[in-house]
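Peer 1: Since the structure of chain A is provided, determine the placement of chain D on it from the hints.
There are 2 protein chains.
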Amino acid sequence: MPRSGFYGSLSSPKVDVVIDMGNPFLNRTVDGFLKIGAVGACKVVAEETFECLNRGNVSKHKLEHALKKMCKEGAYWGTVAGVYVGLEYGVERIRGRSDWKNAMIGGALTGALFSAATNNHRDKVVKDAITGGAVATAVEFINYLT
Amino acid sequence: MPRSGFYGSLSSPKVDVVIDMGNPFLNRTVDGFLKIGAVGACKVVAEETFECLNRGNVSKHKLEHALKKMCKEGAYWGTVAGVYVGLEYGVERIRGRSDWKNAMIGGALTGALFSAATNNHRDKVVKDAITGGAVATAVEFINYLT
Chain A
1 MPRSGFYGSL
11 SSPKVDVVID
21 MGNPFLNRTV
31 DGFLKIGAVG
41 ACKVVAEETF
51 ECLNRGNVSK
61 HKLEHALKKM
71 CKEGAYWGTV
81 AGVYVGLEYG
91 VERIRGRSDW
101 KNAMIGGALT
111 GALFSAATNN
121 HRDKVVKDAI
131 TGGAVATAVE
141 FINYLT
Chain D
1 MPRSGFYGSL
11 SSPKVDVVID
21 MGNPFLNRTV
31 DGFLKIGAVG
41 ACKVVAEETF
51 ECLNRGNVSK
61 HKLEHALKKM
71 CKEGAYWGTV
81 AGVYVGLEYG
91 VERIRGRSDW
101 KNAMIGGALT
111 GALFSAATNN
121 HRDKVVKDAI
131 TGGAVATAVE
141 FINYLT
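Heads up: the sequence lines are chains A and D, in that order.
Its first residue numbered 1, the first sequence is counted upward by one per residue in our numbering.
Its first residue numbered 1, the second sequence is counted upward by one per residue in our numbering.
Just so you know, not all the hints are guaranteed correct.
Same chains, same label: a pair holds when it works inside one copy or across any pair of copies.
[To be verified] Heads up, simulated DSSO-like pairs for lysine-lysine below, C-alpha to C-alpha not over 27 Å straight-line:
hint : residue 1 : residue 2
1    : K101      : K69
2    : K127      : K101
3    : K68       : K124
4    : K62       : K101
5    : K124      : K72
6    : K101      : K72
7    : K72       : K127
8    : K60       : K101
9    : K60       : K127
10   : K62       : K127
11   : K68       : K127
12   : K124      : K60
13   : K60       : K72
14   : K72       : K62
15   : K62       : K124
These aren't lab readings, by the way, just hints derived from the structure by calculation.
Quick caveat, the model's predicted, so the values are computed rather than measured.
Okay, chain A solo, but in the shape it has when bound (with noise of 0.2 Å):
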């Protein structure tokens, strides 16, 4: 049963932001969702400082469109983290076992929801839904390796 509650805790330098929806699916897919989104965000800050640093010129008009492309990107981001951590758990507890084959399963699932959600074409779906499966599985022998 979820309970409904709330806390945050903010510690530096290492910044951990933990909010406590009472149920671990929705905890992990909005864990995702911050830490994922908040490193896409991240890396438009770098991409855009990168291209300042470059050009060599600041206006008021990148500086909007910088933050537009921050939000944007970091919100895709962190919905595809959070739907593919949420999908992931759920595979393992369905499936009472944790091995790679929930991260296959989970990418596969989230690339073809995201397909689904952005396009049509059935054979596109799959496709997708291939790839990322393939995707996840080869990020998760990754992790053993390192």
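Peer 2: Leaving out everything else, chain D in the frame of chain A:
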């Protein structure tokens, strides 16, 4: 000092090929190349199987094309993974610490390396390095979540 050892082991159903090059850096790189290369090749098999089932015809020409694509994509995935795993290990040894910054630096170096190998634009190399670092960091964070 790298010993010139070499041994293989194959067990089923959990297939695991271990090639000992006598050096942890080389071991990881080769391991990454083989494992992720296999994932890349499997992805092509899944894709081509789906295409055959979808179109309902199999020809010798198509099988040859699929085989070629398997080798090409497997080698590409394997090379990227091997270089990343090797670089991350190298960064870990140099920094003497094991945290997400290794993944970020390793990803950035891998992105820059492959970008520099395929094109000559300095801007593109820096952007690919940023993207590589961000993706590797995101993956590292997802590891902790799942």
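Peer 1: Now tell me if each hint is right for this structure.
Peer 2: Hint by hint, here is what the structure shows:
For the homomeric pair K101 and K69, the shortest alpha-carbon distance between copies (24 Å) is at most 27 Å, but the shortest distance inside one copy (34 Å) is not. In the homo-oligomer, the alpha carbons of K127 and K101 lie at most 27 Å apart inside one protomer (18 Å), although the nearest pairing across protomers, at 33 Å, exceeds that limit. Proximity of K68 and K124 under a CA criterion of 27 Å is satisfied inter-copy only: 22 Å between copies versus 29 Å inside one chain copy. When the C-alpha separation of K62 and K101 is checked against a cutoff of 27 Å, the pair qualifies neither within a copy, at 44 Å, nor between copies, at 29 Å.
In this homomeric assembly, K124 and K72 come within 27 Å of each other (Cα to Cα) both inside a single copy, at 24 Å, and across copies, at 21 Å. Taking identical chains as interchangeable, the C-alpha atoms of K101 and K72 lie at most 27 Å apart only when they sit on different chains, with a minimum of 24 Å there against 31 Å within one chain. In this assembly of identical chains, the alpha carbons of K72 and K127 lie at most 27 Å apart whether taken from the same copy (25 Å) or from different copies (18 Å). Taking CA atoms no more than 27 Å apart as the test, K60 paired with K101 passes in neither setting, with 48 Å inside one copy and 32 Å between copies.
With identical chains, the CA atoms of K60 and K127 are at most 27 Å apart between copies only, with a shortest distance of 22 Å across copies and 42 Å within one. When the C-alpha separation of K62 and K127 is checked against a cutoff of 27 Å, the pair qualifies only between copies, where the shortest distance is 18 Å, while the shortest distance within a copy is 37 Å. For the homomeric pair K68 and K127, the shortest alpha-carbon distance between copies (19 Å) is at most 27 Å, but the shortest distance inside one copy (31 Å) is not. For a Cα distance limit of 27 Å, the shortest separation of K124 from K60 across copies, 25 Å, qualifies, whereas the shortest one inside one copy, 40 Å, does not.
Taking CA atoms no more than 27 Å apart as the test, K60 paired with K72 passes inside one copy only; the shortest distance there is 18 Å, against 46 Å between copies. Taking the closest pair of Cα atoms, K72 and K62 come within 27 Å of each other only inside a single copy of the chain (15 Å); across copies the shortest separation is 41 Å, beyond that limit. Taking identical chains as interchangeable, the C-alpha atoms of K62 and K124 lie at most 27 Å apart only when they sit on different chains, with a minimum of 20 Å there against 35 Å within one chain.
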